[in-house]
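Asker: Read off the chains here:
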Amino acid sequence: MRRGIHWTISALCTVGLALTATYAGAHHGSSISYDTTKLWTTWATVTQFNYANPHPTMTFDRIVGDGEVEHWVAELLTNPSTMARAGWTRKRTLEALAPGTRVKLTLGTARAGGFSGIVMRIENEEGESIGGGFGAPGAPDLDGVPGGLQPERNEPLPGQEHAR
Amino acid sequence: MTKRRTLIAAACFTLTLIAQGVAAQGERQAAAPGGIGSSDTDTRSYDKRDFSGLWSRAPQQYDLGPCPECRDPATWPGYGFFGETPPMTPEGQRRFEENRPSRGLELGSEEAERRTDIHIGYRRAVLPAFGNDPEMRCEPLGLARLITFSGIGAAMEIVQTEDRIVQLFEWTWDFRDIWMDGRELPNVEDYLPRFNGYSVGRWEGDTLVVTSTGFDDRQWLDQYGFPISSEAVLEERWDRPSPNRLRARLKLIDPLTYTEPWESSPKVWALIPKEKMAIGGWSGILEDRCVPSDESLFNQFRDRAAGIGDGESAAP
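In order, the protein sequence lines correspond to chains A and B. Okay, so the first sequence: first residue is 0 according to numbering that gives the first Met the number 0, each after it adds one. Okay, so the second sequence: first residue is 0 according to numbering that gives the first Met the number 0, each after it adds one.
Because the hints were derived from the structure by calculation, they are not lab data. Being a predicted model, the structure only gives us computed values, none of them experimental. We put the beta carbon where it would ideally sit given N, CA and C, even for glycine. Incorrect hints may appear among the rest.
Pulled from the structure, derived: some chain A residues nowhere near chain B, Cβ distances all over 10 Å [what the hints assert, rightly or not]:
(1) A51
(2) A95
(3) G116
Straight-line Cα separation of at most 27 Å, BS3-like style, residue types lysine-lysine; simulated pairs [said to hold, decoys possible]:
(4) B/K47 with B/K250
(5) A/K90 with A/K37
(6) A/K90 with B/K250
(7) A/K90 with A/K103
(8) B/K47 with A/K90
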């Protein structure tokens, strides 16, 4: 019985994640800029959070390897109107994500690589979700791993011939 | 641990509802005459000519029952005008090729190569940093794009008076008037074109028929980069098939761009009680503007994702 429930949850999540990817494609082109098919998690420290349209953005630090600090920039998949209607108003969100706050992030790395990504979910140290968003059960935990999950780039990115 | 499992289960349950909605949509659309069904089970009497209220294409966001027919068919990769795209004129084709959207299936991807059943417009998305979607510069969306996007996440409100109907769009905080006072459409030669054009409406039975002209041709018809000319005419047919549903069918007549009229797929919205669309007790649509300075900051993050720009301003 327990095994059956587990399987059901896994199956539902698979469906859910596939749909999430589809919807993301319609969301400011974010799933094209980032690899949302390979999400991963890490602990990080918030250095800045911008609660703004069209999507919030944030910067955060990760401590990796022998204590080196990586400075990351990221956008969020969600947007302020969705957050506000879910109870994550500007004031509440900025309080919850003040600089120095330690958070666990679920993110996808930029297609071009580097310390840039899209944040799908934010949890605080108590495991509570901040701002809504989707998690990714089974996503590898790469806390402390230099660079997190970086893409294998063999081909030009779509539209790169138009690079400014 | 238990809490975590509960969270996962809740997230998955929500996603499953969405999945069921998408699947049910296909079934209903196949079964119902006219290509669209209704999930509204409300049998109360209502005024079929009263469109006033808050409307959304995602009622689940407001703790209301799902509306599978509110979403565009799963055949399409998102939200747009859709329907059967007519052949373009040489000028239309030239402008189409100039536009580089960032929505739809990714250019060159396996899925884009496989989905030859849909127009190339829906399978040519490039990274936003390499695209030229006017929305990503906070330029006005234009009427057809406002209508076809509105209600997905951002809601739409309709205010109805004796002589006009005003449509308010949450995303980009835009609006348009539909004049019902019997006036004629202006001679476009005498007026400046507008992103939302000029609209007049009349009733045909319980269907509101709206005709709009005078469009600014810098807009895209939808997020896939289909062009529209300043000589285009947009015809809309709106009706309220049940108490909690509003439906629109659009037809674009633009001989400078397309060789035949283009009819959209039907668009359906669900009525949202105002107490459901409230933050801190204040109900109504949000001022969900696209502010250039916000967008500019956002684009610095976006460009870093494409490996361009030094990101100096984006970095802490």
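Asker: Just pull the numbers of the violated hints for me, sorted ascending.
Answerer: 1, 3, 5, 6, 8
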